[in-house]
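Chemist: The listed protein sequences derive, respectively, from chains L, G, V and C.
The numbering of the first sequence is the working numbering, which starts it at 1 and goes up by one.
The numbering of the second sequence is the working numbering, which starts it at 1 and goes up by one.
The numbering of the third sequence is the working numbering, which starts it at 1 and goes up by one.
The numbering of the fourth sequence is the working numbering, which starts it at 1 and goes up by one.
Heads up, a few of these hints could be off.
Said to hold, decoys possible - Calculated lysine to any residue pairs in the SDA-like style (CA-CA distance at most 20 Å, straight line):
| # | chain 1 | residue 1 | chain 2 | residue 2 |
| --- | --- | --- | --- | --- |
| 1 | V | Lys-319 | L | Pro-512 |
| 2 | V | Lys-229 | L | Arg-221 |
| 3 | C | Lys-55 | G | Ser-150 |
| 4 | V | Lys-305 | V | Gly-389 |
| 5 | V | Lys-176 | L | Leu-213 |
| 6 | L | Lys-82 | V | Gly-389 |
| 7 | V | Lys-316 | L | Ala-313 |
| 8 | V | Lys-107 | G | Thr-318 |
| 9 | V | Lys-342 | V | Pro-372 |
| 10 | V | Lys-316 | L | Gly-370 |
| 11 | C | Lys-55 | L | Arg-533 |
| 12 | V | Lys-433 | G | Ala-94 |
| 13 | V | Lys-316 | L | Val-368 |
| 14 | V | Lys-229 | L | Leu-247 |
| 15 | V | Lys-176 | L | Ala-214 |
| 16 | V | Lys-229 | L | Gly-389 |
| 17 | V | Lys-237 | L | Gly-212 |
| 18 | V | Lys-284 | L | Arg-124 |
| 19 | V | Lys-236 | L | Leu-225 |
| 20 | V | Lys-305 | L | His-115 |
Derived by calculation from the structure, the hints in this document are not laboratory data.
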Amino acid sequence: MRKALLALAFCTALACQPAYAQEAPALPPAAPSVAAPVQTPADAYTDMASTHFDAIIRGVERLGRSGEARALAALQALEAHKLLAGNDTVYIRTDTGLVDARTGQNAPADLTGLHPVRLNNRVRQTLASARAELLLAQGTQAERRDALAQIQAHPDAAMLPVLDKALADPSNKSLAGSLNAARAAILLSPGAQPVALSEQLAAVAAIKAQGGLAAKSLLSRAATLVPLAPQTREAAGKAVASIDFRLKLWGYGQDLFYGVSLSSVLLLSAMGLAITFGVMGVINMAHGELMMVGAYTTFMVERLVAAYIPALAPFSLILALPVAFVVSGGLGILIERSVIRFLYGRPLETLLASWGVSLILQQAIRSVFGPTNVAVTTPGWLGGSFALGGLEITTVRLAIFLFAIAVMAALTLVLKRTPLGLHMRAVTQNRRMAALMGIRTARVDALTFGLGSGIAGLAGVAVSQIDNVSPNLGQGYIIDSFLVVVFGGVGNLWGSLAAALALGIGGKGLEPLIGAVSGKILLLVLVILFIQRHPRGMFPMRGRGIES
Amino acid sequence: MSTDFSFRSARWTALAVVVLAVVLAFASLLPQSSALSVSPFVVTLCGKYLSYALLALAVDLVWGFAGILTLGHAAFFALGAYGMGMYLTREIGARGVYGNPDLPDFMVFLSWHRLPWYWWGSNHFAISLALMLGVPAVLAGLFGWLAFRSRVSGVYLSIITQALTYALMLAFFQNGMGFGGNNGLTGFKDVLGFDLTAPGTRATLLALTGLILGAVLMGARFLMGGRYGRLLVAVRDTESRTRFLAYRPEQIKLLVWVVSALIAALGGALYVLQIGIVNPGEFAPANSIEAVIWVAVGGRGTLTGAVIGAVLVNLGKTLFTAILPEFWLYGLGALFLATTLFLPHGVMGLLRHVPRKREEEVTPEITNPEGSNA
Amino acid sequence: MTRPPPLSRRAFTRFTLAASAAMLAGTDRARAAAPSGEPIRIGILHSLSGTLAISEATLKDVMLMLVDIQNRKGGLLGRPIEAVVVDPASNWPLFAEKARQLLSVDKVASVFGCWTSVSRKSVLPVFEELNGILFYPVQYEGQECSRNVFYTGAAPNQQAIPAVDYLMSEDGGGAKRFALIGTDYVYPRTTNQILQAYLKSKGVADADIMINYTPFGQSDWQTIVSQVKAFGSAGKKTAVISTINGDANVPFYKELGAQGITATDIPVMAFSVGEEELAGMDAKPLVGQLAAWNYFESIDTPANKSFIADWHKFTKNPKRTTNDPMEAHYIGFNLWVQAVEKAGTTDHDKVIAAMVGLRQPNLTGGIAQVLPNHHITKPVYIGEIQEDGQFNVVWQTPHEVPGQAWSPYVPETAHLTGDWTAPVNCGNYDTQKKACLGSHHA
Amino acid sequence: MTTDALLDLRDVSVSFDGFRAINNLSLRLAPGEMRAIIGPNGAGKTTMMDIITGKTRPDTGTVSFRGHDLTRLDEPAIAELGIGRKFQKPTVFEALSVWDNLLLALKGLRRPHKLLFARLSSSEVQRIEALLATIRLAPESTRPAGGLSHGQKQWLEIGMLLAQEPDLLLVDEPVAGMTDAETAATADLLRDINRSRSVVVVEHDMDFVRALDVTVTVLHEGTVLAEGDLDTVSADPRVIEVYLGR
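When you get a sec, could you build the whole thing from the sequences and use the hints?
Modeler: Here's what the structure looks like:
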């Protein structure tokens, strides 16, 4: 809170207040602006104690230049929000107390009058560069490599001597490639002293060889930088075109990945429906809400794990899977026993009744958890992305794709290899005969519905990682899921898979061409037309009993 | 399930609707101090219920008689509403916020300079009327022809009707479509030169809606009570059998489908006149599903039931959302469950137990006035 | 008008209040100061169900709290204030219907409500017809100036334009390229149109502006985020200005995180993401992303502190966040109270006339003054998202910014002003033609 | 080709998922003829009717009726040509009254827009009343057809068949579930009908077939096994083998 108070009191003396006073008479100023006194500070640490971003940045830069080990400690503390300012100096907060960052001495643990050093994006940027500069000299091999990546991503002409020094250092032999790349990036950046043409061209070639968006960005800028030689600019322009071409080719692969990942989500959300609708003929409009329940279960599990077994927190998502399956499945069995079983053979009535169930579930969640979203965290091991050639694979999407495949495989196994699956198929094909053979059809119905609902719960866990967890979650998936099942052919898991792929890849393929909305509309129209030509979907189930 | 084709209740319902609408309309014109005065709020509400009743009737024709569970009828309702809305928007003329006589406000502030071609004719009431009924009818015709011809039925049909209205909703949400995007069309001033906010106009519109509903109800009774209605039931229950009697069920269903779309569009047009706003939310699949439950609550295949259901459920919604807002969805959900589980024939099913005895005496069609026509 | 309401209706409204209060707190709250006399009714028109409940339900609660506080202070004109809560259920026509009910059946003195532009647009004709008063607490696209509405949220010049100024400043990263990403509805469309004109006036080329619209509830952002990334690789500092609405924000930010875009690479400035929305997200990957508002919960002033404390006490939940539209209601309600006291009556015409020029201190400092165009003056803050889901204010306008109803950056409205004081008395006065356009006369 | 046959099936084959339901079947029916078809279960009797009425399309072979190629026509078109069908399981409109069932079956209006405003004519009333008398359901005319007994439904369906006034009647197991008296009456009725129309009867009940006293075709595994009068056919050792098993 103190931080915020200072934030308020602080007022940048930025000269941008032109357009705000047009309609109304002049008004008295807001909070009195405390103009920070512009004084020549004694050193970097005093700078950082300022409330002025300009001063803080200056301080950070100075620390980076200093090359001191203590400076690195201070910067790392700043990054971790552990740097406090006051009395014209900064302190590092440790577990035991305060350490004066300038001296490294323990300081009296009196927190009054101290405030965390302010951060904004500009400070963070400078901080990253300064840290890289220090690490390049002091860090381990891995740290140095990261530092070079950082320097290359944000090339700064002032860094050139540091790099040259590092290049001369024999311990950096293995980093020569990264060092040269970073150096090349700096040579092509604004503010760099022009070097010999051949060196410039070599830099362009080095960056071009790296490819990718970052290289493109760097070269695009170089192509317009006047201090560079005209030949260099021309080469940079050509390099951009060449990278663009490669990016475009990879772009198709990328779209395919997006399509497949969207398909996985569609498949996950449709698979449970393929069971309840495809196998049992129940039009379960509450399917989306069962997904929602799965997602809320994830939220609850995460909360509980964080509260009682914090050590397992990164794996709460995995713990949530069986729990969500059981909760949604159990709820499904409850719905089947209390509502659906009275409506067998009347699919359209199940539609209306389950719609009623969905409304009640939505409102129940709203009553219990409130109408707003709840926050489900993405564990660290699922965050971020990695490059695969020119493709950028986001980990969470890849995980959902694999998960969808796993669920599909497991479901196929259950249907084909277990007694439940056998009974399910028997009941689907001839209920009376199955009953006569001693299969407890009522139990099979309940379990089948529970299985479909449990899969919805699993889909909910997956969806919680990429989408809102809110009472409206289910509504966003129900129409698409039904389309997948109907488009693919009712009662056919492989059909659902094909339909999910067609809709997902089709949608993502159309999106760059005609936009997301038009793409979706076009797909819907195509599906409508397709179903009118093939009323039973892509892979219709054949047999005598199926005909109405 | 046997169907009573005399629809005696429909006559009384039609009469009741007309009388009620006209009486309310007159009462709303009484001075506020009068004990019998009806507030404009009630007039608008009633107008809304009756417009919804038209939608319900449209759903009942296809669901109750032809067995097509439509989850997309709100699309036709909304298209009719948009047709009327476009006309009303043009009627605003230069009285909009920007004073632009040619372009609706929403086009002005999105810096459009010309009216899109599909707004052509929307400034003439007659052309608009033709469009607001014609467009939904043509769409229904096209959709129905494709669907029924290839014998799409049951759940499959339900799902694609839902996809249809969903696609339309997405399309109308786009600002680029030129229908006002998410905001839709609103801020109407008058219709055919009559001020929409004037009590007289409101009263007239309510009475008109009542009359139209009554007329449509009687028309539906005439059609469904005759041979066509019986044939629809035959198609609904045993479609394949009718083919061997040389009927073409796809044509028979297509006809009722288009008629039903027309009725829904009519309801939409009257709705906009009284509610004063139309936006893409009207296409929402949930709306269509709600319309189905109105019919289910009233009793499907009874005509009267559709009207009763629409009015009852919406009255309930009005009261509930005012008294116990948090519980409205529970109530609506429970209504869906209770109706499907315990009231398969709806309110009309409950009522029908009473005059059971008299029913036996009626010999359908032989004693019908139709028979004596010959 | 002076006819006493029938008993049933009074019972009905009292039931309404009791029911909603009871539902909120579990107990029937007794009015402490017990002002006596015929209660003054106000309407609360916020969705409690449907897709918008996510944002609006909170505003209903804050209004109930404000009414409660005012009643404890002795009510208004010596009479208690009674809140009539209705649920328009996120359904636009229902907004109009409920507005009509509040005005013509419950005869409320004023209405606090609406969220999206379309909900306001749908009730506008009702308020103008029945001469009601609406306090609209949400930032919006402007281009409207009704006599019957007081716009206590931000107009585009009180949020969007300062936000762009910040992004172009050195602290903001000196952005030269802008991706305007929004949900396809009128607020983003209009805001982006204004911003586009503004950016061009600042020398930004067409090629450096990317505009993209997505439908409501967009959940798959892979393609668009990758497009933004590609757009950002042209060698110029790139920023995203997001007018993405509601639910679509969560998957958008999750995708940003998944594709590794951080605030230092491509900052995202959002106009619809506040504390309430952040409470439903994992904020860690979002640190440093920006939002522009006229209020942040983290701003430490005595008034804000006590407001937050009241809120926690009222909701019995020490974690409930406060946000910008809540402050707007706080300001609007207090301005209305002042106006009624000044006018000595709840008569709509007199209260509307009394409103202009009233001043109410903001929770975060400074003064909100009602302008002749029925907008108010507001300070503008830029906040960076912190790990705890709160905002760290990194920039603020030196003065309060007066709200502009009509944007000077849109050619069609550049010459329009709104002034509901004599002698102009017109919401859309054309300064070139020296005439009031359309039919929005008093 | 021969034009004297009313119905002519030549080398018709159809298979479902590899199962040959009809295998090179040829069958000719002279105008005014009544033919009885017998055969064990799965012999292809019902499939043959499906082919004639357009429900199933043959894979190969030709089907002609009065020179019209039936394989190109759908069910309503074939029905309009004058082929009526009674199903094995009596199929009537259960929600409608007996009267309404007959009304819908009456030859005449079929176009939907004409049906919309169709009024009952006095000639239609007479025809329905005559039919009711024929099928002995006059007292039941206002009852929903769903409430009739099995035998009554059979009769109603025959009545509906007659109402269509077809030239050829395909009658699938008309006496299943009937009492002996009813069976005899049905046989009389069919013989009566045969005076003006051609009839194909599929039946298991040998007494009934004997009572009809017409040419019998024996189907087995989708092909004609034997043809002739009942006594000749039942003496055929192949038929005996098929019926009694090996």
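Chemist: Taking the earlier hints as the rules, which of them does this structure contradict?
Modeler: 1 and 7
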